[in-house]
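Participant: Here is how the chains run, residue by residue.
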Amino acid sequence: MQKEIKDFLLMWADNSMILGQRLGEWCGHGPVLEQDIALTNIALDLIGEARNLYQYLAANEGKQEDDYPMLRDVRAFKNVLLVEQPNGDWAETMMRQFMFDCWHYYFVEELTKSNESRLASVAKKTLKEVSYHLDFSSEWILRLGDGTEVSHQKAQDALEKLIPYFDELFKLSDYEQYCFGLGIGPDSDIVKMDAFDKFQQIITKSTLTMPEKYFHKYGGKTGIHSEHLGFIIADMQFMQRAYPSVTW
Amino acid sequence: MEHSLEEIFQKKVDNEEKIEARDWMPDAYRKTLIRQISQHAHSEIVGMLPEGNWITRAPSLKRKLALLAKVQDEGGHGLYLYSATETLGIGRDELIDQLHSGKAKYSSIFNYPSLTWADMGAIGWLVDGAAIMNQVALCRTSYGPYARAMVRICKEESFHQRQGYDILYTMSQGSAEQKEMVQDSVNRWWWPSLMMFGPNDDASPNSAQSLKWKIKRLSNDELRQRFVDMTVPQAEILGIKLPDPDLKYNESRGHYDFGAINWDEFYQVLAGNGPCNKERLAARIKAHEEGAWVREAASAYAEKQQIKNNSKSVA
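Same order as they appear, the protein sequences are chains X and E.
Heads up, the first sequence is in my numbering, so the first residue is 1 and it goes up one at a time.
Heads up, the second sequence is in my numbering, so the first residue is 1001 and it goes up one at a time.
FYI, nobody ran anything at the bench for these hints, they're computed from the structure.
None of the values given here were measured: they were computed from a predicted structure.
Even glycine gets a Cβ: it sits at the ideal position worked out from N, Cα and C.
Check the hints yourself; a few may be wrong.
Among chain X residues calculated to face chain E with C-beta under 8 Å, some are [said to hold, decoys possible]:
1) E25
2) D66
3) M239
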């Protein structure tokens, strides 16, 4: 498999894997039982999606699916910085989720047209799931933004904290550019336009205010991560590192 | 001859007819049910914690997904059971307050720590296994909404038990370290699992009334014996030794004999002095308190939407 295609698949898979891992931290600690269950559902979908992609890579490279999440070090992960940000409070988790879902939905929607049929089929399955995720996080942004004064402020703080990470989802890396050229990857202009529309629409409706000035943060797609990722994978990889080469 | 309400009620129970939410029932029956069902609901919710601990550390994606789904099921069981108590006239908020204040109990087993990955197997196999013994019997409990909730829960629980056993079985086929981890885990979970059935029958004062009302269908000791009988052959397949020198098959009884349970430990943990009682309760209280503003936002938003919808329909 060409390196660019592999990197593209890793970026896609690692995004869902790391966000799923973060959401797993909430399990048993949610603000309401129903929301605890809903968030775990999203985690299950995301890790399931990542697993499909790791399996595809593994089949092509003669490896095991777990080799990808469990045996790579920080620099080899291609996920965006957004997904590795800590859960924070419910407003931060929902804002991170909403930003991710805006990208994820339109990303997989475009990918259903991929000329690589296996990827198109993963995208089709994922699209159904992500459509629910996007509804869920959009509704929470509305509830928090237009709920109480406290929730409005927390949602606004979350927006300001996380907005620097939004653009990285849409900024094409070399490998994404390459895959788009081959008809494997999505048209990022379409993804960006649709995602920003949805994002703006919900933020406005939720009575939140977009910050006027902020810096974009990039790096995850090329393996230059925040310090958080090292701790996430230390946790995630503990068993495989402590007891190598056995079956669980 | 006129029958009292209580006689009519008991006759129904004796005839194996289900008692439904709208039927007359003795106050004590209602109270016993609320105590038992809410205790069960709380156990599901607190039970999410020792396993939730391992979600981020599960050794493979397959195991991580299965564990996530399992812990999620427990949350779902909590929901059905809280709903069943609502049919008895008490709301979830009040029950949760009782849990947090220490007035309501949950299963003591969840006050033990989950230390290694093998504990995810042992909890599934032994703890869910013990729970199923109890719950299968409860599918025939006299209160309809509880019995129906139990049918659904039992299906999922038996899946969890197989999943737990599969974790241990896979490890038992692996390296020496894995086998040792399995043995260690079973050593720690065996006795607390036997305690899950509650005190011996002669020390369980409420049991007789619960059996008469068919809230309980089998006594603590009967259920414990069934569990031991079921589990011993499964332990043999795993190639482990259950940590009880007195455990042996008794030909004349047709059951396994087993050693005396350390009831001091049981009552200590019940009284709040187990290894993790404080941590478990603190985690639940923290989630609830930190979620307060979220729940308030959701209600405030729902109210605003309601007002908008009403003004639309008026216009």
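Participant: Hint by hint, say whether it matches the structure.
Facilitator: Hint-by-hint comparison with the structure:
no. : hint : in the structure
1   : E25  : holds, 6 Å
2   : D66  : holds, 5 Å
3   : M239 : holds, 4 Å
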